[in-house]
Amino acid sequence: MKNDNEPRRRFLRQAIAILPASALTPVVMTQAGCSQSTASSGTPLKAVESDYVPVYFTDAEWAFVRAAVDELIPVDGPGAGGLDAGVPEFIDRQMETPYGHGKLWYMHGPFHPEAVPELGYQLGLVPRDVYRHGIAACNAWCMKQYGKTFPALDASTRVQVLEQLEGGKIHLDAVPAKLFFGTLLKNTKEGYFADPMYGGNKNMAGWKMIGFPGARADFADWVDQPGARYALGPVSVLGEQA
Amino acid sequence: MAIKKDKVDAVMVGFGWTGAIMSMELTEAGLNVLALERGEMQDTATTAKYPNIADELAYAIRGKLYQDLSKETLTFRHNPDGFAVPYRQHGAMLLGNGVGGAGFHWNGLTWRPQASDLQLRSHYEQRYGKRFIPEGMTIQDFGVAYDELEPYFTRFEEVAGISGKAGNVMGKIVAGGNRFEAWRSKEYPLPPLQDYYGAQLFAKAARELGHEPFPIPAANASQPYTNPYGVRLGPCNFCGFCEDFGCYMYAKSSPQSTIHPALLNKPNFEMRTRCQVIRVNRDASGKVATGVTYIDAQGREVEQPADIVFLSAFQMHNVRLLLLSGIGQPYDPATGEGVVGRNFAYQMSGGVNAFLPKGTQLNPFIGAGAGGQSIDDFNGDNFDHGPLGFIGGANVRHNRTGGRPIGQAGAPKSAKKWGSGWKSAVQDSYQRMMTIVAQGSVMSYRDNYLSLDPTYKDAYGQPLLRVTFDWHENEFKMTKYTVGQAERIARALTDEVDVNVRKSGTHFDTRVYQSTHTTGGAVMGADPKTSVVNRYLQNWDVHNVFVLGASAFPQNFGYNPTGLVGALSYWAARAIREQYLKSPGPLVQA
Amino acid sequence: MITYRKTLLLAASLFALSRACIAFADDVVSANEAALVKRGEYLARAADCMACHTARGGKPFAGGLPLQTPIGVIYSTNITPDKATGIGDYRYDDFDRALRHGVAKNGDTLYPAMPYPSYASVKPTDVKALYAYFMHAVPAVHRSQTANEIPWPLSVRWPLALWRHAFVPAAATDQVADASATDSQLARGRYLVESLGHCGACHTSRGTVFEEKALTDAGGSAFLSGAVVEQWFAKNLRSDMADGLGQWSDDDIVAFLRSGRNAHSAAFGGMSDVVQQSTQYLNDGDLHSIAAYLKSLQPAGTGSAQMTYDDTAAKALHAGELTSPGARIFVNNCAACHRTDGKGYAAVFPRLALSSTVNSSDPTSLIHIVLRGSAMPGTPSAPTSFAMPGFSQRLSDQQVADVVSFIRSSWGNHAPSVNASTVSKVRAHTE
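Chains as they are written, first to last, in this note's numbering: chain A, 575 to 816; chain B, 2 to 591; chain C, 791 to 1221.
Just so you know, the hints here were simulated from the structure itself, not pulled from any lab data.
Take these hints with a grain of salt, some might be off.
What the hints assert, rightly or not - Derived Cβ-Cβ restraints for the label pairs, each shown as a range:
no.: 1; chain 1: B; residue 1: 583; chain 2: C; residue 2: 825; range: 54 to 60 angstroms
no.: 2; chain 1: C; residue 1: 915; chain 2: B; residue 2: 297; range: 26 to 32 angstroms
no.: 3; chain 1: A; residue 1: 686; chain 2: B; residue 2: 231; range: 41 to 47 angstroms
no.: 4; chain 1: B; residue 1: 170; chain 2: C; residue 2: 825; range: 48 to 54 angstroms
no.: 5; chain 1: A; residue 1: 650; chain 2: C; residue 2: 1099; range: 49 to 55 angstroms
Unchecked claim - Straight-line alpha carbon distances no greater than 25 angstroms define the calculated DSS-like cross-link-like pairs of lysine-lysine that follow:
no.: 6; chain 1: B; residue 1: 414; chain 2: A; residue 2: 760
no.: 7; chain 1: A; residue 1: 760; chain 2: B; residue 2: 6
no.: 8; chain 1: B; residue 1: 288; chain 2: B; residue 2: 5
no.: 9; chain 1: C; residue 1: 895; chain 2: C; residue 2: 913
no.: 10; chain 1: B; residue 1: 6; chain 2: B; residue 2: 417
no.: 11; chain 1: A; residue 1: 752; chain 2: B; residue 2: 359
no.: 12; chain 1: B; residue 1: 267; chain 2: C; residue 2: 828
no.: 13; chain 1: A; residue 1: 782; chain 2: B; residue 2: 418
no.: 14; chain 1: B; residue 1: 504; chain 2: A; residue 2: 677
no.: 15; chain 1: B; residue 1: 417; chain 2: A; residue 2: 677
no.: 16; chain 1: A; residue 1: 782; chain 2: B; residue 2: 5
no.: 17; chain 1: B; residue 1: 414; chain 2: A; residue 2: 743
no.: 18; chain 1: C; residue 1: 1105; chain 2: C; residue 2: 1085
no.: 19; chain 1: A; residue 1: 782; chain 2: B; residue 2: 359
no.: 20; chain 1: A; residue 1: 677; chain 2: A; residue 2: 743
no.: 21; chain 1: A; residue 1: 760; chain 2: B; residue 2: 267
no.: 22; chain 1: B; residue 1: 504; chain 2: B; residue 2: 418
no.: 23; chain 1: A; residue 1: 752; chain 2: B; residue 2: 5
no.: 24; chain 1: C; residue 1: 849; chain 2: B; residue 2: 6
no.: 25; chain 1: B; residue 1: 418; chain 2: A; residue 2: 743
no.: 26; chain 1: A; residue 1: 677; chain 2: B; residue 2: 458
Beta carbons are placed, not taken as given, at the ideal position from N, Cα and C, and that holds for glycine.
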């Protein structure tokens, strides 16, 4: 709509900038006091730096998340691994969003967890709880089973544990195993592919893996080139270019 | 004590497509119109800013533009004996909110139904016999015929700037269009969108099988366009961020891009946001509405008097407001009596993921919300249902809306869901996977209905709307047949296909995205015993209440609903301007 | 049912009431009052009184808009006919002295924020119409003058009187000798542009004490040849090909003033407001007169060669060949709307190729709009306010410089490149 943010007619300062004490001598116009400029440094906003310190997860939880992500999206295979892509940072930061607090969901009782699965999620747990309680319960299970917490297990054992969680073969009292695994996997994939400004998909690694152009969102030149190889690398919302 | 505002001539409850259309029509007629919207202001420049709008996580995954379920949601149960639990997370249907409603962030497929769709019961009885319609299936005629509505489809399409290719002009079949479509008086206002590669492949395969594919009619402008209100749209550039997102190109037809610039500054129009209407008020006789009551942003109760009340709040909320206001007799599935909430329907879709040969460059990110190609051979009553034993059909199409990595980068069913196997599968599939969908009709049934929930409430303390709904055998047969047709087309392109079709006996799953094409609950019809509004969308009981939107559909068809929603709004507006305003009262004698 | 006809009836009855209370100057004929008032309303649109004399969100003409100056903030005055706080007790002569001579009722010289140097050329017959409008049709609003925030001794006014004597021409008479009196359309156009429209207040560069270098075309080719105003470059309106109106037809100019857009360009920055509040209301005849007059202005000498489109850049971008930083930034930020061929989309997003804005030597507007965005005006003839977002968050000074330089050297554009420090200055002084 209109340029509501700009004071109108400020240009007229030029016409009236006549200092009474020196009416007939030239006045040097300065810009001082003319605007409330944001005067940013002129450098674009960057994604959060890579030496990330988690704000939600404890050290033990952080180790768990990192270990799990490393198996869910490992270094093997095409493209970057989840750790290099910053997925754990993404998940930690999501825990501080309304999503993490369950604010996007209807969370009034009464709760009926026994409702059939097709009627959807009926638990009182929000994502923060799912991780906090799920990680604790899973670590406890691993201690019982292997004498080590999840992060301390070797890769193939971790994979086994994840597979069992996925299949609901492990019973965790605090959080249904499938819910815990499902949340972890969903957030991991989100972290791999979401815009880098959320902390994951660092250097647009996830997008590069599949060849997604990111936030360019303009293909007027390419609709009429069926089957052509798309020539451009991705760009992020904040302007990171590849 | 409640605050009381000055009376207006007409008040819109909800300011999406129907609220904008009716506001425009009535302000043109000289009325003072007030639109109340529970959500926030939304406009292209602010809400759909480039490049910030190209943010899949915010909009498509976390649902930034959707209704905030934490404040108000629905409850669901599968049958009238069950206990309904809340729809706590968005899944099957994505409820809209804010100025423009879901019209701000839809995909834009804009169809006209078949003529037979509007007279479904009569048509099926006539062609297949009364006994072809199963007991418990409560399909009805709309009470208005396609021929009557034809000019209003044209009107909506011209305002919206629909891009397409006509297939039947004045009864004459025209090559390149949908040979099955209901007749139209003229061509679309804009030429069809260009076909991306996948659409070309679909069309080629469909032709090889003897079909005549056509471009999907799209509310995505294929070129810059000025509509009859003087409002101009930009062209779709296939950005791939359509459904769930606002359009920064001003190309997706929305109330914002087609109506608001000509409406919002009118001296006889006012809009108030953050106003949650909690009921329609009536006088002592109960036969005349006096206005509405709403809760404003500060939480204060405000009485808004009005001469005419329009419920334009989306199908679900319209029905809920009628129930909360005590207008009309609520439907009881046990007795089959009552009307408010009856004939709720939905859609059932299935489809096929086709994995084209390695090396194919589909460039899936080249997407338009309503781009693509379609065939209609298996929709409506375009085929002989006799031997098949079901009612309804599906629109079969390839409609590529984008290649967004979180939600749209698929892989074969057999692929691992995580690990390096997943990485390989996703990377391998990205450029060669395309989907052919069969979007199918859902009939109305005695035991699918809407009512007020006895347990759960919204943030204002009012009962939520309870949806009693499950699939029926008729739809399983329909989907098996139509997805089978989609599979045939897919197999003309590749052997590597994954078929997604619902198996008979499975239950409606609120977790799996279906569509937001929910219909009914305040249906239109010729008989007040089986409908809530008459053919002009006027409430049978309270003549100065009109209920706009798909709540009027007595059952749902295999098309996206907005074309008919728009046409009915213009149709009702005409009746109001030419008859009702001159002589307020029932427009149809019961 | 209430319709807005009632509002008009109310206005008419207020007008009738006010008639009884105001003394007219002797030569205003009561029988033509209504027509005079209506003409005055039209002229007030042409002169765009609203722009300064209405605060954002304030009542029309009630003043209170802050105008930033290096000597402090001054607030526009209340020119509604309120007796206590407005001009309700202004006789006709008081009104004329203020409008065309720059002297307030109390004898103070007005700050030339009020463009009385231009308004000096307004004919008395038009002043009478304006007076009638302001006194009889504008609703009186009781709003006291917001005190100017100018510290002493800068607030002393008498030096302004010296400026006024030096730079304000004598007030016009109704019989104006006009070199082009034979062409009434040109004469009308000259009149609208030079006096009421005061276009030179933005589009003419200023001298050392900030007087416009030329108030009329007769004063020299500095007139309307472009000036920087509020961090926008108000472009050259003379007939130069590259950066003036040389490529625009009369109809292009008319369309631009009526709707804020045409095949070449779209109104942005300060001009968006001018179209929104002023020029969209001018009738066809006046718009064509303005166009004819502007097209009659000789080039300023900034570049008269015909511009030709060159598709080299378009081909490279289309193929994804991004050989310069500016090309890459263009594809990632600008091409979605302005297209890789620089042609934009007709009457939606303006073209950059061969654009007079792009080819202006002064890049201030370009930098400003890239950083902060802008929106077209919405008018009944073209209601959609197509908006461009700002890129200040996304692009550094160097990146803005790169992309602006790229735009200025592609598709046939020939304008000097831009460096990061220039961008930095514009960034610091805009928001």
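Checked hints:
no. : hint                                 : in the structure
1   : B:583 <-> C:825: 54 to 60 angstroms  : 37 angstroms, violated
2   : C:915 <-> B:297: 26 to 32 angstroms  : 52 angstroms, violated
3   : A:686 <-> B:231: 41 to 47 angstroms  : 54 angstroms, violated
4   : B:170 <-> C:825: 48 to 54 angstroms  : 52 angstroms, holds
5   : A:650 <-> C:1099: 49 to 55 angstroms : 52 angstroms, holds
6   : B:414 <-> A:760                      : 17 angstroms, holds
7   : A:760 <-> B:6                        : 48 angstroms, violated
8   : B:288 <-> B:5                        : 21 angstroms, holds
9   : C:895 <-> C:913                      : 20 angstroms, holds
10  : B:6 <-> B:417                        : 61 angstroms, violated
11  : A:752 <-> B:359                      : 34 angstroms, violated
12  : B:267 <-> C:828                      : 22 angstroms, holds
13  : A:782 <-> B:418                      : 20 angstroms, holds
14  : B:504 <-> A:677                      : 34 angstroms, violated
15  : B:417 <-> A:677                      : 32 angstroms, violated
16  : A:782 <-> B:5                        : 58 angstroms, violated
17  : B:414 <-> A:743                      : 21 angstroms, holds
18  : C:1105 <-> C:1085                    : 34 angstroms, violated
19  : A:782 <-> B:359                      : 18 angstroms, holds
20  : A:677 <-> A:743                      : 30 angstroms, violated
21  : A:760 <-> B:267                      : 47 angstroms, violated
22  : B:504 <-> B:418                      : 23 angstroms, holds
23  : A:752 <-> B:5                        : 53 angstroms, violated
24  : C:849 <-> B:6                        : 22 angstroms, holds
25  : B:418 <-> A:743                      : 17 angstroms, holds
26  : A:677 <-> B:458                      : 16 angstroms, holds
Hint check: violations occur at hints 1, 2, 3, 7, 10, 11, 14, 15, 16, 18, 20, 21 and 23; the rest are consistent with the structure.
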